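S.K.: Sequence:
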Amino acid sequence: MLVHVYDPDYHDGAFLVPTGGGIDFGEHSKVAAIREAMEETGQEVTNLQLLGVIENIFTVNNGDHHELVFVYEADFVDQKIYDLEEIPVVESNGMKFAARWYDLAWLKEEHMPVYPTSILDILQR
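Using numbering that gives the first Met the number 0, the first residue of the sequence shown is number 0, and each one after it goes up by one.
There's no promise every hint is true.
To be verified - Restricting the straight-line Cα-Cα distance to at most 30 Å, the calculated cross-link-like pairs of lysine-lysine (DSS-like) are:
#	residue 1	residue 2
1	K29	K95
2	K107	K29
3	K95	K107
4	K107	K79
5	K95	K79
6	K79	K29
Said to hold, decoys possible - Taking CB as the label site, the calculated pair distances span:
#	residue 1	residue 2	range
7	F57	P87	25 to 31 Å
8	E84	N61	35 to 41 Å
9	L103	G62	18 to 24 Å
10	E108	P17	17 to 23 Å
11	H27	K107	27 to 33 Å
12	A104	N61	32 to 38 Å
13	D82	T45	16 to 22 Å
Keep in mind the hints are simulated off the structure, nothing from the lab. Being a predicted model, the structure only gives us computed values, none of them experimental. By construction, the Cβ of each residue, glycine as well, lies at the ideal position given by its N, Cα and C atoms.
Let the hints inform the model, and build the full structure from the sequences given.
M.R.: Below, the structure is given as structure tokens:
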């Protein structure tokens, strides 16, 4: 599940990113992933497994950024979500996006950039 983002000032406009967000001080990454799934999709997740960690250094809006991305695989408790074409996602700042299910083979054909770029390497393991 990835979110389609459009920013005309960033990487030719359209790209895909995973759902998620920040880790609060003192919060374990797994707990943060569960919380972020609920906050952004309104859905409960279970069976989390850490697939990998990405150290991502990038520039956006003329600023340099450095992040650690914990990539988790999880199951949604409500199985109906897997039948949805679009999953509404609401960021903490109120911005609304739509997440969709993407086929890994389609993503690897580079139809649209996925950031952080190395997330596809983790997902195809």
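S.K.: State for each hint whether it applies.
M.R.: Status of each hint after checking the structure:
Restraint check for K29 and K95: satisfied, since their Cα atoms lie roughly 24 Å apart, inside the 30 Å limit. Restraint check for K107 and K29: satisfied, since their Cα atoms lie roughly 27 Å apart, inside the 30 Å limit. Among the hinted pairs, K95 with K107 is consistent with the structure: their alpha-carbon atoms are about 26 Å apart, no more than 30 Å. Between K107 and K79, the direct Cα distance comes to roughly 27 Å. Compliance with the 30 Å bound is thereby established for this hinted pair.
A threshold of 30 Å between alpha carbons decides the hint, and for K95 with K79 the separation of about 21 Å falls inside it, so the pair holds. The straight-line distance between the Cα atoms of K79 and K29 is roughly 23 Å, inside the 30 Å bound, and the hint therefore holds. Checked against the hint of 25 to 31 Å, the pair F57 and P87 passes, with Cβ atoms roughly 27 Å apart. Against the hinted window of 35 to 41 Å, the Cβ-Cβ separation of E84 and N61 comes to about 36 Å, which satisfies the hint.
Distance hint check for L103 and G62: the Cβ-Cβ separation is about 31 Å, which falls outside the suggested range of 18 to 24 Å. Distance hint check: the CB atoms of E108 and P17 are about 19 Å apart, consistent with the given range 17 to 23 Å. Taken as a hint, the range 27 to 33 Å holds for the pair H27 and K107, whose Cβ atoms sit roughly 31 Å apart. For A104 and N61, the Cβ-Cβ distance of about 36 Å falls inside the hinted range of 32 to 38 Å, so the restraint holds.
The supplied range of 16 to 22 Å is met by D82 and T45, whose beta-carbon atoms lie about 18 Å from each other.
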